[in-house]
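Engineer: Protein sequences appear in the order of chains P and C. The numbering of the first sequence is the UniProt record's numbering, which starts it at 1 and goes up by one. The numbering of the second sequence is the UniProt record's numbering, which starts it at 1 and goes up by one.
Because the hints were derived from the structure by calculation, they are not lab data. For every residue, glycine included, the Cβ atom is placed at its ideal position computed from N, Cα and C. Mixed in with the good hints, there may be bad ones.
[As the list claims (entries may be wrong)] Label pairs and their calculated CB-CB ranges:
#: 1; chain 1: P; residue 1: Q61; chain 2: C; residue 2: C94; range: 25 to 35 Å
#: 2; chain 1: C; residue 1: V62; chain 2: P; residue 2: A114; range: 52 to 62 Å
#: 3; chain 1: P; residue 1: K137; chain 2: C; residue 2: F25; range: 50 to 60 Å
#: 4; chain 1: C; residue 1: L116; chain 2: P; residue 2: R218; range: 47 to 57 Å
#: 5; chain 1: C; residue 1: V110; chain 2: P; residue 2: A114; range: 56 to 66 Å
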Amino acid sequence: MGGVNQDGVAVSFREVSRHYGAVKAVDGVSFDILDGEFFAMLGPSGSGKTTCLRLIAGFEQPTSGIVSIHGKDMAGVPPYDRDVNTVFQDYALFPHMNVLDNVAYGLMIRKVPAAERRRQAEEMLEMVALGGFGGRKPSQLSGGQRQRVALARALVNHPSVLLLDEPLGALDLKLREQMQVELKAIQRRVGITFVYVTHDQGEALSMSDRVAVFNQGRIEQMARPNELYENPATAFVAGFVGVSNLLAPAVAERLTGRKAHCSIRPEKIHLAAPGATAPANAMAVEGRVAAILYLGASTRYDVALDGGGEITVNVQNRDQHAEPAEGERVLLWWEARHLMQLAG
Amino acid sequence: MRSKAIAPDRSKGSASWGLKAAAWFGVLFLNLPILFIVLYGFTTDDASYTFPPPGLTTEWFVVTWNRPDFWAAFWLSVRVAFAAMAIAIVLGTCAAAAMYRFSFFGKESVTLLILLPIALPGIITGISLRSAFALGEIPFSYFTIVLGHATFCIVVVYNNAIARLRRSSPALIEASMDLGANSFQTFRHVILPNLATAILAGGMLAFALSFDEIIVTTFTAGQQETLPIWMFGELARPRQRPVTNVAAIFVMIITFVPILLAYYLTRDTDDVAGSGK
Numbered sequence: 001m002g003g004v005n006q007d008g009v010a011v012s013f014r015e016v017s018r019h020y021g022a023v024k025a026v027d028g029v030s031f032d033i034l035d036g037e038f039f040a041m042l043g044p045s046g047s048g049k050t051t052c053l054r055l056i057a058g059f060e061q062p063t064s065g066i067v068s069i070h071g072k073d074m075a076g077v078p079p080y081d082r083d084v085n086t087v088f089q090d091y092a093l094f095p096h097m098n099v100l101d102n103v104a105y106g107l108m109i110r111k112v113p114a115a116e117r118r119r120q121a122e123e124m125l126e127m128v129a130l131g132g133f134g135g136r137k138p139s140q141l142s143g144g145q146r147q148r149v150a151l152a153r154a155l156v157n158h159p160s161v162l163l164l165d166e167p168l169g170a171l172d173l174k175l176r177e178q179m180q181v182e183l184k185a186i187q188r189r190v191g192i193t194f195v196y197v198t199h200d201q202g203e204a205l206s207m208s209d210r211v212a213v214f215n216q217g218r219i220e221q222m223a224r225p226n227e228l229y230e231n232p233a234t235a236f237v238a239g240f241v242g243v244s245n246l247l248a249p250a251v252a253e254r255l256t257g258r259k260a261h262c263s264i265r266p267e268k269i270h271l272a273a274p275g276a277t278a279p280a281n282a283m284a285v286e287g288r289v290a291a292i293l294y295l296g297a298s299t300r301y302d303v304a305l306d307g308g309g310e311i312t313v314n315v316q317n318r319d320q321h322a323e324p325a326e327g328e329r330v331l332l333w334w335e336a337r338h339l340m341q342l343a344g
Numbered sequence: 001m002r003s004k005a006i007a008p009d010r011s012k013g014s015a016s017w018g019l020k021a022a023a024w025f026g027v028l029f030l031n032l033p034i035l036f037i038v039l040y041g042f043t044t045d046d047a048s049y050t051f052p053p054p055g056l057t058t059e060w061f062v063v064t065w066n067r068p069d070f071w072a073a074f075w076l077s078v079r080v081a082f083a084a085m086a087i088a089i090v091l092g093t094c095a096a097a098a099m100y101r102f103s104f105f106g107k108e109s110v111t112l113l114i115l116l117p118i119a120l121p122g123i124i125t126g127i128s129l130r131s132a133f134a135l136g137e138i139p140f141s142y143f144t145i146v147l148g149h150a151t152f153c154i155v156v157v158y159n160n161a162i163a164r165l166r167r168s169s170p171a172l173i174e175a176s177m178d179l180g181a182n183s184f185q186t187f188r189h190v191i192l193p194n195l196a197t198a199i200l201a202g203g204m205l206a207f208a209l210s211f212d213e214i215i216v217t218t219f220t221a222g223q224q225e226t227l228p229i230w231m232f233g234e235l236a237r238p239r240q241r242p243v244t245n246v247a248a249i250f251v252m253i254i255t256f257v258p259i260l261l262a263y264y265l266t267r268d269t270d271d272v273a274g275s276g277k
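Same shape as in the complex, but just chain P (with noise of 0.2 Å):
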């Protein structure tokens, strides 16, 4: 059990993919989940993460290429034969049995004793702040106490890699952020790793040591979250990661008189009066205020470049500021080293 390989890879990926018919869910995959990390899947809908995470378990087989766990190829091992479980979308608790047996169901079927899956089960209640909640129906807990009862069934088997299927998908704002920070912090204790597939980029910059990109079956860019946010590879990338301007290369020829596609982050940006000087080093254009989005944190301005083209502006609410009013011109500036070049 959680056994630890030389090269501490947990699970890899090489070539792998997943064909249905004509669609190519998973696309010619490779990478390593390192042990003990923290390792996100990020995509849209359809772009394969959940596949992904589905071949890991064994609830699907690769078309072609190896997925191993631990140096050993998964082909063929049915999911009651690996060492992972999985926490899932839908919490999937048993509906007929009491929380205590849930979260004892693993440890029932590999026929520990009675009194000790008890003791165990109760112990991992404990870890997840449900102590004393194991005599009831999981249709008497609310959606974030079903989402821990799945985490302790899941943990319970202390498996060597435990995934995460959009576990906080279900739950609300608040609990959503509570509960990223119980993860992170679960994580941590156990020591275990996790596999967390999500469609929110903002859980998985939160909560992640490293975020794998998909996009149709591919992955764009596997990194750090910061890297990620600071240094998107692709298009693609840096739309789905954060909120960014993208330039088209035309626009981009304009303002730096490379042409390519680049990307500039709103809270990057500057305003400024215009015909102000902006400091050296940075790359300046004036443009006039389309529309102004007051966020309460923040104020979102949409400026239409002179000259064709729109940026979006965020400006932090941090004192009293002389606002620029709808339709006034405005002077916008960065420093060059923010804006990104993109592959594509």
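Start from chain P and add chain C according to the hints.
Structural biologist: Frame of chain P, contents of chain C only:
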């Protein structure tokens, strides 16, 4: 079905008197004859059903109790109903599990074949079984009656089981496998307990259906008489007519209890048993 088909803004007000009258007419139309059956179980007139009954007595219960032919028919019906129910539970559950789990060529046709016995008029089921038994040179017996009843009893269990399966999350099976259980363990610990009440409810309905079945039985029984056939024969005799009514009261009680139980077993779910036949 617990649908809220009625316009919600009327939910507090009561239905119009016309609708109420129609509903009461429907209830009386369905249930008044049953009351008469019970009433004539107590009449003192032993040859004809005159209204009002000339007098009331409980002696027919004693007479029925002492008739060995009544008990023979009664016990045959009970044995047939239990056997048909057992066959229906095993085969109906297996059929439902297979239909739910696998997709294969001709699946729709097989589904239709399973449902057919309850849709077909009993007389067709009866005649075809009779010719089949004749072709196979199988003598009529207790077993041929059971086989005949099992045909439509399977459907009842199948319908209940598959409805429950369709509503339960397929992720439950995956969750069980994920937690280390193989197919057999998953069936034993997850699928079966989830289906149990549906199967039990289906089985009880099957019992009730079998217990008062007469058409298919007519074609598949030899010299033996199940309770409904015995009653039918009894009606043609001029003497001790109220004995039939007493037997009918027995049938009512025996079929009513399982139907009621089936209803209570499934009322918390969407697939209330008995929405079939």
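Engineer: Given the hint of 25 to 35 Å, is the C-beta distance from Q61 (chain P) to C94 (chain C) inside that range or not?
Structural biologist: Given range 25 to 35 Å: holds, Cβ gap about 27 Å.
Engineer: Can the suggested window of 56 to 66 Å be confirmed for the beta-carbon pair V110 (chain C) and A114 (chain P)?
Structural biologist: Violated: the Cβ-Cβ distance is about 42 Å, outside 56 to 66 Å.
Engineer: Tell me if the beta carbons of L116 (chain C) and R218 (chain P) are separated by a distance inside 47 to 57 Å.
Structural biologist: Check passed, 50 Å falls within 47 to 57 Å.
Engineer: Between the beta carbons of V62 (chain C) and A114 (chain P), is the distance compatible with 52 to 62 Å?
Structural biologist: holds, 56 Å
Engineer: Quick one: are K137 (chain P) and F25 (chain C) within 50 to 60 Å, going by C-beta?
Structural biologist: violated, 43 Å
Checked against the numbered hints given earlier, the structure breaks hints 3 and 5 and satisfies all the rest.
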